[in-house]
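> Given the structure of chain C, go ahead and fit chain Z onto it with the hints provided.
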Amino acid sequence: MTEAAATGGAVAAIGTTGVSRFAGIMHGLRRSPAGFIGFIIVALLVLITAIGPFFTPAVEPNVKEILLPFGSPGHFLGTDNEGKDVLIQMIDGGRSVIFIGFFAAAISTFIAIVFGSLAAYLGGGTDSVVTTAADVVLTVPTIVLLAVLGAMFKLDSPILLAILVGVLSWPVLTRAVRSQVLSLREREFVEAAKLLDLGTIRIVFVEILPNMASFILMNFMIGVTNAIYALVGLYLLGLAPLTGSNWGIMLNRAWIAGAIFNDDSLPFILSPIVAIILLLLGLVMMTRSLEEILNPRLRDR
Amino acid sequence: MTATDTAPAAKAEGRTPLMTLNGVSQVFDTKAGPIRACDQVNLSINPGEVLCLVGESGSGKTTAARMAAGLAKPSDGTVAYNGIDIWSMNRRDFSTFRRGVQYVHQDPYASLNPTRTILQTITAPLLKHGVVKGSKAAAQRAAELLAKVDMTPPESFLSKYPHQLSGGQRQRISVARALTLDPKIIIADESTSMLDVSIRISVLAMLGRLRDELGVGFLFITHDLAIAKYFGWNGNTAVMYLGRIVEFGPTQQIINAPTHPYTRALIDAIPEPDPDLTKTKGAGSLRSLEIPSLAHLPVGCSFHPRCPRFEGGLCDGAVPELITVRPGQSTACHVVARDGAGDAEVRDEPVA
Chain C
1 MTEAAATGGA VAAIGTTGVS RFAGIMHGLR RSPAGFIGFI IVALLVLITA
51 IGPFFTPAVE PNVKEILLPF GSPGHFLGTD NEGKDVLIQM IDGGRSVIFI
101 GFFAAAISTF IAIVFGSLAA YLGGGTDSVV TTAADVVLTV PTIVLLAVLG
151 AMFKLDSPIL LAILVGVLSW PVLTRAVRSQ VLSLREREFV EAAKLLDLGT
201 IRIVFVEILP NMASFILMNF MIGVTNAIYA LVGLYLLGLA PLTGSNWGIM
251 LNRAWIAGAI FNDDSLPFIL SPIVAIILLL LGLVMMTRSL EEILNPRLRD
301 R
Chain Z
1001 MTATDTAPAA KAEGRTPLMT LNGVSQVFDT KAGPIRACDQ VNLSINPGEV
1051 LCLVGESGSG KTTAARMAAG LAKPSDGTVA YNGIDIWSMN RRDFSTFRRG
1101 VQYVHQDPYA SLNPTRTILQ TITAPLLKHG VVKGSKAAAQ RAAELLAKVD
1151 MTPPESFLSK YPHQLSGGQR QRISVARALT LDPKIIIADE STSMLDVSIR
1201 ISVLAMLGRL RDELGVGFLF ITHDLAIAKY FGWNGNTAVM YLGRIVEFGP
1251 TQQIINAPTH PYTRALIDAI PEPDPDLTKT KGAGSLRSLE IPSLAHLPVG
1301 CSFHPRCPRF EGGLCDGAVP ELITVRPGQS TACHVVARDG AGDAEVRDEP
1351 VA
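Quick mapping for you: the protein sequence lines, in order, are chains C and Z.
The first sequence begins at 1 in this note's numbering and counts up one residue at a time.
The second sequence begins at 1001 in this note's numbering and counts up one residue at a time.
Don't read these hints as lab results, they were simulated from the structure.
Owing to the predicted nature of the structure, the values given are computational and were not obtained by experimental measurement.
All C-beta atoms in this analysis are idealised placements derived from N, C-alpha and C, irrespective of residue type, glycine included.
You may find that some hints are simply not true.
For each label pair, taking beta carbons as the anchor points, the in silico distance ranges come out as [as the list claims (entries may be wrong)]:
1. C:L182 with Z:I1323: 44 to 54 Å
2. C:E186 with Z:S1057: 27 to 37 Å
3. C:F205 with Z:D1076: 30 to 40 Å
4. Z:A1205 with C:F205: 32 to 42 Å
5. C:V167 with Z:D1196: 48 to 58 Å
6. Z:S1198 with C:L138: 48 to 58 Å
7. C:L122 with Z:G1313: 45 to 55 Å
8. Z:R1209 with C:V167: 34 to 44 Å
9. Z:E1321 with C:F215: 52 to 62 Å
10. Z:K1073 with C:I159: 30 to 40 Å
11. C:L278 with Z:T1152: 31 to 41 Å
Same shape as in the complex, but just chain Z:
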């Protein structure tokens, strides 16, 4: 892995990002009052780049991803593909966007149609959009796609139904289906979280190969920083907490030199193989383990009731904005903004 600085370099060139989310919010009206599942989120994905979205359950990762995929309309803000707002696109552009952005769901047991064979599932979009001519060519292409996601020999899977496959195999089929229309961006929503650990690593390796070989951009959503580190080492990572992005920057800096107290807490929470180390490290660094309800967000910084660096009067006043604290790295924290983040010592660690 020598391409350490490709992502910053791409930005420096001033390439227009493939997809941007500008101040995107999603508000759900519930009996308990409006819930801001996603609040003023700004993200951009460049071609061939990996953007990891990390956060615990309820942090708005999936909501953001669904808006990026055009499956949900933002209450506020715009989602742009190739510079055009997807919700004011004409039919043709929207259809280009639809085909350019594909989604790999979390649950491999629900994302494949149980009444269709793998062959039918994969050839349907190929034939519908005229990627190939005739069912024979479509079957040929389907077999190639299966080979691409390490399902070999392809012929033994094509005639199967989803219930005859294991979770890992199904997830590979989901990826193969997402690849049918040659997408520019794949949104992987916790795509590996429901797989066994051993299967997870091989699916991640397969996704990594697609990223490198096909140049597909990824919006990679996970609750596990270790997976973000593994998959998005050369990309960017955004850490979300209660609907807001609290820290954004190159994955290497986020992992090695986190600035936001929440990101630090997440990294401290990664268990160490040594039990004594785990016991001493990080324990008690959070003031509370309770996640506030989205319906009743704390005033000011929503992390302040749990934050170890909490300062009364500062943190429970205004909502902190994302401020650049180091080159490429920004943080939404009053304390860090005042005290400065210090220098990042980025070690180019080999990918786990």
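This is chain C alone, in the form it adopts within the complex:
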């Protein structure tokens, strides 16, 4: 009966093992300075663009204040060729870009994880179907197809754009996930799980996938950057409807207005570029910390 007493104590202790997961995550974030800086950049950009628009005044064209330079009183980032404040447009214009980037990447990552891992684990017919489908979609030139679609339909809904970008960009990650799972499924702990009859879904998504969590997250971040580039590219080329305002549309308008030829209008064209670069840089830097959080081996050091 001493065993029972000992295990009783054990169970009491188990409740406290998951203590403050949050503290652990914060600790992991801070360990890598680059990752922490990236996290702060992304958090600030997301916060400002998500909450900022509720507090900014409406921007009105003002013929008297066209192309004011950087640091003008009342217009910190100057004004554009219609006399609209650049800073306010910057704050208002990030929301849809960030949203579409994350949503599109979430869609493509989700498809890639499910199809890639099941194809590799089940093999056989499932594998050939998924691989062939991935190969076919891989040959579709995304930006050209988006251009054609943009010409034919009105792509003004951010959700629709995100779905389009996401559905077109899953094959690369699917193949990567597939090859990773192909190697992981041969590992002995997977065999042990099979012998314990844990079930295919559980083995794939609970036993195998967490082993590549940092790989998937890294690819998710790359997916976000790719989606944002695709989106901004579409706007820059004028292939998506230029209604409303976001960083891509600003870039397009600045480009059309010939802002690069005018010293005073530099903030006008540089602001969206700097914002996009900062966001993407932050995302890429952030992946380093995420790796520390997700890999229990790195977490301990």
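What follows is chain Z alone, placed relative to chain C:
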């Protein structure tokens, strides 16, 4: 250890073996041609019995074990659990078989999921198969299992990840995980070969205790006859060479009175503490130290190029069959079959 003759007694009762391998073969197709990793292997495991499978690397021990565990489908022959062929079982029977036969891998560094805590690893099968209700009871059961494999105090290990444990501790966790579903047979595939010697003996002692206390049958695979002797003294031992069983019998007879020249060579190869004895004993008893390739097996008895009792015309003709040479002990050797094995003088040695 007085239960010396429990294994033969169990056989005499005519109990149906829990698991049988009937003429099981596994052929791998490679560029160098087909490789018979396992050829016509017959084995059976009774409840609570230890069956040791001994042989050098490449002898087909692991292949046989994987087929017994249902991890590989034999190219030929049948694997039966409770008398039913596992590859023609219905879903329910197969799931019973899956839970009844567990495997402890060789490499404790690869057999535990690095992203799951010990608690998660052990409670997953408990919860999945409804062995216990609720996560609290599962944690309680996990702690009991850890105590069973000498991991005390259990609470200090449950929240750990595999990389925080040593090789011996991980191997104990593997055993605890194998015990979660109350298996009838545990297949231990070189489970102690990667551990330090001091750790090895304590893990073996722990396995021996489980064998005696829980009545779990073991298919114990090792390349080391000394370990087979230690762990399977009261069970049976099968010696494999290049995919075939060359000698089978009670472990005590195999160790004390081997008949097959290969088994003799294996026993002679066990080093003695006295260097002079080691030098004189066994040296030069084998005609060649080179193991033939599985892709190009020698004609006739595959051991004949190395065998000290080789007789031209006899050994390189037909493949020898396993023939009973003494009660309970059978050997696949033409020379022994002709000359007879002589009487076995089994000494009931205390387990090392």
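> So, for every hint listed, does it hold in this structure?
Against the structure, the hints come out as follows:
1. For L182 (chain C) and I1323 (chain Z), the Cβ-Cβ distance of about 46 Å falls inside the hinted range of 44 to 54 Å, so the restraint holds.
2. The hinted range of 27 to 37 Å is not satisfied by E186 (chain C) and S1057 (chain Z), whose Cβ atoms lie roughly 19 Å apart.
3. Between F205 (chain C) and D1076 (chain Z) the C-beta distance comes to about 36 Å, which sits within the given range of 30 to 40 Å.
4. The beta-carbon spacing between A1205 (chain Z) and F205 (chain C), approximately 38 Å, falls within the hinted interval of 32 to 42 Å.
5. A C-beta distance of roughly 54 Å is found between V167 (chain C) and D1196 (chain Z), which places it inside the suggested range of 48 to 58 Å.
6. Our hint of 48 to 58 Å for S1198 (chain Z) and L138 (chain C) holds, since their Cβ atoms are close to 55 Å apart.
7. Separation of L122 (chain C) from G1313 (chain Z) is about 54 Å and conforms to the stated range, judged on CB atoms against 45 to 55 Å.
8. The supplied range of 34 to 44 Å is broken by R1209 (chain Z) and V167 (chain C), whose beta-carbon atoms lie about 58 Å from each other.
9. Checked against the hint of 52 to 62 Å, the C-beta distance between E1321 (chain Z) and F215 (chain C) comes to roughly 53 Å, which is consistent with it.
10. In this structure, K1073 (chain Z) and I159 (chain C) break the distance hint of 30 to 40 Å, their C-beta atoms being roughly 48 Å apart.
11. Checked against the given bound of 31 to 41 Å, the beta carbons of L278 (chain C) and T1152 (chain Z), roughly 54 Å apart, lie outside it.
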